[in-house]
Amino acid sequence: AAGVIQSPRHLIKEKRETATLKCYPIPRHDTVYWYQQGPGQDPQFLISFYEKMQSDKGSIPDRFSAQQFSDYHSELNMSSLELGDSALYFCASSSASRGGPFQKLFFGSGTQLSVL
Amino acid sequence: DQQVKQNSPSLSVQEGRISILNCDYTNSMFDYFLWYKKYPAEGPTFLISISSIKDKNEDGRFTVFLNKSAKHLSLHIVPSQPGDSAVYFCAASRTNFGNEKLTFGTGTRLTIIP
Numbered sequence: 001a002a003g004v005i006q007s008p009r010h011l012i013k014e015k016r017e018t019a020t021l022k023c024y025p026i027p028r029h030d031t032v033y034w035y036q037q038g039p040g041q042d043p044q045f046l047i048s049f050y051e052k053m054q055s056d057k058g059s060i061p062d063r064f065s066a067q068q069f070s071d072y073h074s075e076l077n078m079s080s081l082e083l084g085d086s087a088l089y090f091c092a093s094s095s096a097s098r099g100g101p102f103q104k105l106f107f108g109s110g111t112q113l114s115v116l
Numbered sequence: 001d002q003q004v005k006q007n008s009p010s011l012s013v014q015e016g017r018i019s020i021l022n023c024d025y026t027n028s029m030f031d032y033f034l035w036y037k038k039y040p041a042e043g044p045t046f047l048i049s050i051s052s053i054k055d056k057n058e059d060g061r062f063t064v065f066l067n068k069s070a071k072h073l074s075l076h077i078v079p080s081q082p083g084d085s086a087v088y089f090c091a092a093s094r095t096n097f098g099n100e101k102l103t104f105g106t107g108t109r110l111t112i113i114p
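In order, the protein sequence lines correspond to chains A and B.
Just so you know, we're using my numbering here: the first sequence kicks off at 1 and counts up by one.
Just so you know, we're using my numbering here: the second sequence kicks off at 1 and counts up by one.
Read the hints as simulated data drawn from the structure, not as lab findings.
It should be emphasised that the depicted structure is a prediction, and the values quoted were computed from it without experimental measurement.
A hint or two may mislead.
Stated by the list, open to error - Cut-off 35 angstroms, straight-line C-alpha distance, at most; resulting in silico cross-link-like pairs (DSBU-like, lysine-lysine):
#1 B:Lys71 x A:Lys13
#2 B:Lys37 x A:Lys22
#3 A:Lys104 x B:Lys56
#4 B:Lys54 x B:Lys37
#5 A:Lys13 x A:Lys57
#6 B:Lys68 x A:Lys15
#7 A:Lys22 x B:Lys68
#8 A:Lys15 x B:Lys54
#9 B:Lys71 x B:Lys54
#10 B:Lys54 x B:Lys68
#11 B:Lys68 x B:Lys5
#12 A:Lys13 x B:Lys68
#13 A:Lys52 x B:Lys5
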């Protein structure tokens with residue numbers, strides 16, 4: 001079965017550079033979530049989209065932006081990168097339209113971002 | 001403010017024995033709870049969940065218990081197998097709030113000793 005696809009798997013950037021992370025949800029999933037997990041920390045919610053509209057916002061810095069496109073894939077854009085942005089970034093998807101608890105999120109393998 | 005807490009960062013259990021992972025939450029609005037398992041270099045994978053209308057949910061070797069009055073849940077794995085070695089995250093959500101995000105605990109690293 002198709003899973004959540006994230007690209008790239010690894011990304012190395014320097015301070016003040018920009019980065020774009022991509023997420024392709026499971027087919028027919030309409031909701032995408034972005035999480036940031038620092039070393040030894042729990043995944044922190046950044047932002048979510050439902051049907052291409054932002055549905056919730058967490059601890060996402062103003063330097064970051066995200067969107068969900070018409071094909072439901074999502075991109076997380078990160079500018080003016082800082083050393084503290086080094087983390088594992090997970091994307092997850094779910095289906096709100098299928099009924100039942102849509103909080104059952106399916107996660108991608110993550111993008112490991114290293115800022116040097 | 002950590003709304004979901006897993007106070008044991010690590011746990012070692014002998015193969016074949018029972019593994020018990022604990023989780024506490026502070027937000028009384030949470031009404032849906034999940035356990036995720038995470039291997040290195042992989043994303044978290046859903047394991048089992050429980051709604052607040054229940055106090056127990058069982059799926060094979062995995063059972064989740066919910067004590068709403070204590071705001072506590074636990075995951076029991078029996079018998080424990082070497083493949084169960086992973087980091088386990090407890091997560092909570094509010095089902096009445098649309099596409100509600102999950103709030104995660106800090107995780108417990110479970111090591112099964114052969």
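Do the hints match the structure? See the list:
1. Among the hinted pairs, B:Lys71 with A:Lys13 is inconsistent with the structure: their alpha-carbon atoms are about 42 angstroms apart, more than 35 angstroms.
2. A distance of roughly 23 angstroms separates the Cα atoms of B:Lys37 and A:Lys22; the hinted pair therefore holds under the 35 angstroms criterion.
3. Proposed proximity of A:Lys104 and B:Lys56 is supported: the alpha carbons are some 18 angstroms apart, at most 35 angstroms.
4. A threshold of 35 angstroms between alpha carbons decides the hint, and for B:Lys54 with B:Lys37 the separation of about 22 angstroms falls inside it, so the pair holds.
5. A threshold of 35 angstroms between alpha carbons decides the hint, and for A:Lys13 with A:Lys57 the separation of about 25 angstroms falls inside it, so the pair holds.
6. Using a Cα cut-off of 35 angstroms, the hinted pair B:Lys68 and A:Lys15 is violated, with the two alpha carbons roughly 46 angstroms apart.
7. Among the hinted pairs, A:Lys22 with B:Lys68 is inconsistent with the structure: their alpha-carbon atoms are about 38 angstroms apart, more than 35 angstroms.
8. The suggested pairing of A:Lys15 with B:Lys54 is violated, with an alpha-carbon distance near 49 angstroms, which exceeds 35 angstroms.
9. Between B:Lys71 and B:Lys54, the direct Cα distance comes to roughly 13 angstroms. Compliance with the 35 angstroms bound is thereby established for this hinted pair.
10. With a C-alpha separation of about 9 angstroms, the suggested pair B:Lys54 and B:Lys68 falls inside the 35 angstroms cut-off, and the hint holds.
11. For the proposed pair B:Lys68 and B:Lys5, the alpha carbon gap of about 15 angstroms is at most 35 angstroms, so the pair holds.
12. Pair hint A:Lys13 plus B:Lys68 does not hold up; C-alpha atoms about 45 angstroms apart against a cutoff of 35 angstroms.
13. Straight-line distance between C-alpha atoms of A:Lys52 and B:Lys5 comes to about 32 angstroms, which keeps the hinted pair within the 35 angstroms bound.
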